[in-house]
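Trainee: Read off the chains here:
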Amino acid sequence: MSHAPVSSAAERPESGKPRRLALPVFHPDFLSEAHAASADAGLHDALDNSVTKKDYGRRDSLAELPDADGLRELAGRIKRHTLDHLDYYLELLEKNVLAAGGQVHFAHDNAEANRIVIDIARRTDSRLVVKSKSMVSEETQLNEALTEAGIEPLETDLGEFILQVDHDHPTHLVMPVIHKRAADIGRVFEKYFKAPFTEDPQTLAEMARVYLRKRFNEADMGVSGVNFAIAETGSIVLCTNEGNGRMCTSRPRIHVAIMGMEKVIPAWEDLPVFLKLLARSASGQALTQYTNIITGPRRGGERDGPEEFHLIIMDNGRSRILTGEYRDTLRCIRCGACLNACPIYRKVGGRSYGSVYPGPIGSLLTPLFNGLESHKHLPMASSLCGACFEACPVKINIPEMLITMRKDLVETGVVSGPERLIFRIWSWTLTRKWSYRAGQIFQRLVLRRLRKPDGWITHMPGPASGWTEVRDFPAPPRHDFRSRYAQYRRDNSHPADRRESERVKNA
Amino acid sequence: MKVSLFVTCLTDLFAPDVGMAVVKTLEHFGCSVDFPASQTCCGQPAFNNGFHADARELARRMIRVFENSDYIVTPSGSCCAMIRDHYVHLMQPDAAWEQKAAEFAARTYEYVEFLTKVLKVDLSKLSLPQEKTFTYHYTCHLRGLETTGDPCINLLKQIRNARFVPLEKAEQCCGFGGTFAVKYSDISRAMVMDKVNCGNKTGAQEMIVNDGGCAMNIGGACHRNGATFIPRHVALVIAEAIEHAAAAANSEKIAPGEQYSGGAS
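In the order they appear, the protein sequences are chains A and B. First residue of the first sequence? That's 1 in our numbering, and the numbers climb one at a time after it. First residue of the second sequence? That's 508 in our numbering, and the numbers climb one at a time after it.
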């Protein structure tokens, strides 16, 4: 495996023309977003009531399985195997989609993926495109591209629909509208439907449902994502809770499914492994309300289904990630469990992460797709607590890769000179006993001078001031451990020696 | 049983009481404890910040310092995780050092893990001077050590007069994360205040932790903002119970060490 640091190809713009980002970035300034969000108690309560609860739901529903950990291990191994032989499985997938009467398109990047969708729409004279939730279409900004081409896109997942009419962006992988409260949605709908304000979730959902039902019937094309694509059968699997995915893929004349190239799994028998894990990890459900398995378009004699089925397999930087030391990020099944488990996400919300992929996995994906330099805070702003790794259904070791990315920050020179110097001096000091001791004594002297009469420091100097902006810092006691220990050994002879001398005495 | 203490640089300077409690409790349970005085730091701060060459140098030094130790026990979950989860990887591709790192990792234990897995101690004969309610904050870095919270809670529950009350969001990180607490103090503030608020809701007198970092972070926030509990390292509680037992035994004219020899073999 090559060890090219992250900020390679994606970082360098081609000559002159502005480069299109692999992942769209909505809020580039992590620090200011995180600063505002981490002081927003209302946001924290809302996130605790949704993501934190979902995290407990995940634990409880996984605990119902006889061997959840073994299943996660297996799921991770299947994904690893598939990624190790991705060329083979993608070819097999293509072959079997074609055999089932579908068409397959490979898209090098997000712009090409959009172009393919628009071409199909133009050829089939499609004016209205209904969409079920798809993170890949967020990645390509398909709605914007379709609108520009004069084709109307309509999100039909309730959360995505709210975002579309409010010109907002998702902040969670599976609960896109999590940052909005019922009252916010009420105001959006009040304006959009020109209806009386309500914040009753039932009424709001009904408003959208009635409207969307009508539009489904008018739609020419349905665009969906892909949760899993089964190479062996050429099938795609959609897991949804609202039934809109089923409507999008069966009612319109044309169905276009878009997938990241890592979404393929080898065989039919692998599917249950992932189905058992996906909904449980995402929301604590045993299964999503709807699991659609779609193989090709409508066949002769069938009454339902689209006339054409297209599968777009998008790279958009994935093949570059595949060859490096971050390959495991491509195992991700976008369940959102790492977001729900993450204490940072619970405090800064999805918006702070800036791009379409928030949370711990987003902290890896965004720099991997777009380059490290413009996202240097994402791998750093983590306490490395490991909750994401523990939650991940395919066992992506996110904290370890965050640390590797920090190493890349150092090696590619993104980390500042002063910080490098501090760590150099620090490690030099710690590799010698005498300088370690001298350092500890120096720290003790300085810190004890700074302390208030109650023994605590309220203002730390220099780079450590961040600590005391939040909490007090304890002054070290007069004697450190090693001097206390030495005294203790002088006062009490070693028990081993004592026992030894007793043995000698008794002998 | 011979045990070498890896006290950690943070405990050495800021919490010598915890280090002494570890020494005394391990001795109580029949271990012979030594403290290799040339130990410094495991390299975790450098490693976590991406300075892996510096971390490697310190890791090799640690391995050399504890070369002759049978067991290495540390009161810090995160330093233990550094050794166990990262040392081998850090040594790559040097096979000889990888081997040494793996052997070192296999001999290294977090304090509670050592008490429960190796010594298999029984604390049911111990008691605290008066009833005390405690709650427990799951130290993040114990996740990878197969000894998350529960063994520690179960251990403390054995002590008479120790009453356990559960902590809401017990497994949520307290917001320490080493330099994270300083570099991203806004986020860290929201996290540690969440922890303090959850602690206050329990009504417990003490929030037990297995890591010096968590104790320092939560303790600093409690001191700044006021709280109904104090964070305390688990070794201090066990030491307190042992001392109480010894005092009680003395007053009953029973030779110390006979009644409460602990479950260690």
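To be clear, the hints were calculated from the coordinates, so they are not data collected in a lab. The beta-carbon is built from N, C-alpha and C at its ideal position, and this holds for glycine as well. Be aware that one or more of the hints could be misleading.
Away from chain B, derived, C-beta distances all over 10 Å, residues of chain A [said to hold, decoys possible]:
no., residue
1, Leu271
2, Lys347
3, Arg351
4, Cys385
5, Gly386
6, Lys407
7, Arg420
8, Val470
9, Asp480
10, Tyr485
Covered stretches of chain A, as calculated for chain B (at least 3 residues, CB under 8 Å) [as the list claims (entries may be wrong)]:
no., stretch
11, 135 to 146
12, 365 to 372
13, 440 to 448
Trainee: Against each hint, give a clear statement of whether it holds in the structure.
Mentor: Evaluated hints:
| no. | hint | result |
| --- | --- | --- |
| 1 | Leu271 | holds, 30 Å |
| 2 | Lys347 | violated, 4 Å |
| 3 | Arg351 | holds, 14 Å |
| 4 | Cys385 | violated, 4 Å |
| 5 | Gly386 | violated, 5 Å |
| 6 | Lys407 | violated, 4 Å |
| 7 | Arg420 | violated, 8 Å |
| 8 | Val470 | violated, 4 Å |
| 9 | Asp480 | violated, 5 Å |
| 10 | Tyr485 | violated, 5 Å |
| 11 | 135 to 146 | violated (count 0) |
| 12 | 365 to 372 | violated (count 0) |
| 13 | 440 to 448 | holds (count 3) |
In summary, the structure is inconsistent with hints 2, 4, 5, 6, 7, 8, 9, 10, 11, 12 from the numbered list given earlier, while agreeing with the others.
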